[in-house]
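Undergrad: Please construct the entire structure, taking both the sequences and the accompanying hints into account.
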Amino acid sequence: MQDLKQQSPYGVVLEHCKKGELAYQWSAADGKAVFYPRVSAPGSGNARLEWRVSKGLGTVYSTTVVNYKGEPPLNVALIDLDEGFRMMSRVEDIDPMQVKIGMRVRVKMHPGDDKQPAYPVFSPLLSEEGSPRSGGGGGR
Amino acid sequence: MSLKRASVAVVGAAESDLGQVAPGTSPLDLMAQGTLRALEDAGLRFSDIDAVFCAASQVRMGPLALCEYLGIKPKYFDGTQIGGSSFMAHVAHAQAALEHGLCEVALIAYGSTQRSVSRAAASPREYNPYESPYRPFMPSSAYAMAAARHMHQYGTTREQLAEVAVAARQWALMNPKAWEKEPLTIEQVLNARMVSYPFTVRDCCLVLDGGGAIILTTAARAKSLKRKPVYVLGTGEALSHANISSMPDLTVTAAAESGPRAFRMAGVKPADVDMISLYDAFTITPILFLEDLGFCPKGEGGRFVSGGAIAPGGKYAVNTSGGGLSYCHPGMYGLLVMIEAIRQVRGECGERQVKDCEVALAHGNGGVLSSQCTVLFGGPSTV
Chain A
27 MQDLKQQSPY
37 GVVLEHCKKG
47 ELAYQWSAAD
57 GKAVFYPRVS
67 APGSGNARLE
77 WRVSKGLGTV
87 YSTTVVNYKG
97 EPPLNVALID
107 LDEGFRMMSR
117 VEDIDPMQVK
127 IGMRVRVKMH
137 PGDDKQPAYP
147 VFSPLLSEEG
157 SPRSGGGGGR
Chain B
14 MSLKRASVAV
24 VGAAESDLGQ
34 VAPGTSPLDL
44 MAQGTLRALE
54 DAGLRFSDID
64 AVFCAASQVR
74 MGPLALCEYL
84 GIKPKYFDGT
94 QIGGSSFMAH
104 VAHAQAALEH
114 GLCEVALIAY
124 GSTQRSVSRA
134 AASPREYNPY
144 ESPYRPFMPS
154 SAYAMAAARH
164 MHQYGTTREQ
174 LAEVAVAARQ
184 WALMNPKAWE
194 KEPLTIEQVL
204 NARMVSYPFT
214 VRDCCLVLDG
224 GGAIILTTAA
234 RAKSLKRKPV
244 YVLGTGEALS
254 HANISSMPDL
264 TVTAAAESGP
274 RAFRMAGVKP
284 ADVDMISLYD
294 AFTITPILFL
304 EDLGFCPKGE
314 GGRFVSGGAI
324 APGGKYAVNT
334 SGGGLSYCHP
344 GMYGLLVMIE
354 AIRQVRGECG
364 ERQVKDCEVA
374 LAHGNGGVLS
384 SQCTVLFGGP
394 STV
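Each protein sequence line maps, in turn, to chains A and B. Residues in the first sequence are numbered from 27 upward in steps of one, following this note's numbering. Residues in the second sequence are numbered from 14 upward in steps of one, following this note's numbering.
Keep in mind the hints are simulated off the structure, nothing from the lab. Be aware that a few hints might be false.
[Unchecked claim] Straight-line Cα separation of at most 25 angstroms, SDA-like style, residue types lysine to any residue; simulated pairs: (1) A/K58 / A/E41; (2) A/K95 / B/A205; (3) A/K95 / B/V214; (4) A/K126 / B/V265; (5) A/K95 / B/D262; (6) A/K95 / B/N204; (7) A/K58 / B/D262.
[Stated by the list, open to error] What follows is a list of derived Cβ distance ranges for each label pair: (8) A/A73 / B/A134: 33 to 41 angstroms; (9) B/E172 / A/L152: 31 to 39 angstroms; (10) A/L30 / B/K194: 52 to 60 angstroms; (11) B/V214 / A/D121: 21 to 29 angstroms; (12) A/D56 / B/G363: 49 to 57 angstroms.
Just so it is clear, CB atoms sit at the ideal spot from N, CA and C, and this is done for glycine as well.
TA: Below, the structure is given as structure tokens:
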């Protein structure tokens with residue numbers, strides 16, 4: 027069980043982010059990835075959670091483009107990581123409207139700023155021909 | 014032990030003032046106004062209330078604040094806060110308390126001044142380190158991603174989403190209390206200001222002031238009151254997540270659990286429902302709920318609502334008030350969802366009245382498709 031007097035689950039995530047790593051938890055008892063990281067696995071209460079670093083490859087599960095007044099359009103997406111967990115993020119380096127469900131993406135660390143510590147965002151995973159790849163969770 | 018079909022009835026129902034209220038009006042002013050109107054509607058006195066249920070985004074401890082304001086000390090109270098479906102949950106909880114004799118007359122109240130004070134001030138969002146850095150425009154972006162996923166999986170189109178808004182507007186034009194007074198076309202919905210793709214501002218509910226109250230009592234006492242009782246035939250509550258990134262499948266809501274629970278208790282099926290009142294926070298929500306509540310197969314919702322099927326004169330009477338999209342949406346719209354269903358069963362909806370409406374379904378949604386609660390109401394012929 028996480029010793030909350032020493033470090034929080036989010037604290038561990040942040041430390042990995044600073045190293046450019048996307049951390050998640052693995053519940054061996056359930057055979058399931060856990061994200062967001064927490065004290066116990068959802069559904070079972072298993073507190074013996076193993077920390078792992080994701081390979082950072084995933085597929086866009088859903089996507090939207092937010093139009094804030096006076097700002098360029100902003101992508102917000104849900105990404106299914108290959109290790110079996112989902113997270114909210116943003117796909118960068120592409121026109122936000124061109125982010126498509128089923129698109130393959132790779133994590134990169136946004137450096138953050140004074141107020142916001144480093145956090146994971148994604149880039150399209152390009153095929154050898156240089157066009158965005160699709161696959162994985164695109165079907166039903 | 015489970016709740017009993019038609020053991021309790023709604024005997025009073027009323028909106029507070031809706032739309033834009035005067036500066037300085039509080040959510041509690043609106044709850045009190047709704048309460049007095051609902052009591053008058055029921056022919057009950059202030060002193061008859063012995064149970065209070067309420068929730069509001071602007072009032073952290075609802076029952077405390079409302080009971081202080083009204084100057085009552087109820088025997089029973091419940092401030093369950095699960096967003097816009099809270100009031101359907103309150104009906105189920107009130108029913109349990111009434112059945113067990115813990116109280117005799119239950120008040121359920123709501124009030125919001127989100128138009129007056131701004132939506133950001135009325136319902137500030139909690140910071141979530143796993144979502145907030147990405148600046149989703151909540152709650153719109155959550156529902157937009159559900160819509161995008163539904164479009165991807167089932168071929169649902171933006172035109173089909175727009176049909177929901179257009180149908181709501183047509184109903185609203187028959188409701189004197191509705192905020193929107195002008196007709197709306199599919200093209201106008203599609204070409205309106207884009208908020209969070211695929212939603213334009215016309216795919217999103219109104220941001221208004223408003224509230225109301227309903228009064229429930231035991232079926233036995235209801236028979237002695239002046240209004241035709243509207244029986245609670247069935248209730249069902251379910252929740253699936255809090256944050257959209259933790260929703261297991263963005264195309265399936267927990268209405269698929271709350272609905273069957275309510276139908277089982279009521280002993281009716283979707284085909285028996287004469288009028289459907291669904292929480293339409295966004296154009297995708299009635300589509301999801303029609304599927305999940307069993308009115309059409311999963312994935313067919315977009316096609317189901319097409320061609321004016323849920324508009325006046327269509328095959329299904331859905332959101333006859335004009336809904337959160339065109340009538341009134343004060344932030345947690347579930348109480349008003351029920352009030353329209355209750356009025357349809359009473360037969361007091363005038364121009365928009367559904368003929369021989371004996372069974373009405375009211376479905377509430379809270380959070381970001383997070384909590385789902387269903388109530389089936391029935392007229393005297395159903396008991």
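Undergrad: Go ahead and decide if the range 49 to 57 angstroms is satisfied by the Cβ distance of A/D56 to B/G363.
TA: holds, 56 angstroms
Undergrad: Hey, A/K95 versus B/D262, does the alpha-carbon distance stay inside 25 angstroms?
TA: violated, 31 angstroms
Undergrad: Taking 33 to 41 angstroms as the hint, is the beta-carbon distance of A/A73 and B/A134 inside that range?
TA: holds, 39 angstroms
Undergrad: With a cut-off of 25 angstroms on the C-alpha distance, tell me whether A/K95 and B/V214 pass.
TA: holds, 13 angstroms
Undergrad: For a C-alpha distance cap of 25 angstroms, please report whether A/K126 and B/V265 respect it.
TA: Answer holds: A/K126 to B/V265 is near 20 angstroms, not above 25 angstroms.
Undergrad: Holds or violated: the 31 to 39 angstroms window for the beta-carbon distance between B/E172 and A/L152?
TA: holds, 33 angstroms
Undergrad: Do the alpha carbons of A/K95 and B/A205 lie within 25 angstroms of each other, as the hint requires?
TA: With a Cα-Cα distance of about 15 angstroms, the restraint between A/K95 and B/A205 holds, given a limit of 25 angstroms.
Undergrad: Below or equal to 25 angstroms on CA atoms is what counts here, so check A/K58 against B/D262.
TA: It holds: about 17 angstroms lies between the C-alpha atoms, which stays within 25 angstroms.
Undergrad: Given the hinted pair A/K95 and B/N204, is their alpha-carbon gap at most 25 angstroms?
TA: Holds. A/K95 to B/N204 sits at ~17 angstroms (cutoff 25 angstroms).
Undergrad: Look at the Cβ atoms of B/V214 and A/D121 and judge whether their distance stays inside 21 to 29 angstroms.
TA: Holds, since B/V214 and A/D121 (Cβ atoms, about 22 angstroms apart) stay within the stated range.
Undergrad: Just to be careful, I want the Cα atoms of A/K58 and A/E41 compared with a cutoff of 25 angstroms; is the pair within it?
TA: holds, 23 angstroms
Undergrad: Given a hinted range of 52 to 60 angstroms, is it respected by the beta-carbon distance of A/L30 and B/K194?
TA: This hint holds: roughly 55 angstroms between Cβ atoms.
Taken one by one, the earlier hints fail for this structure only at number 5.
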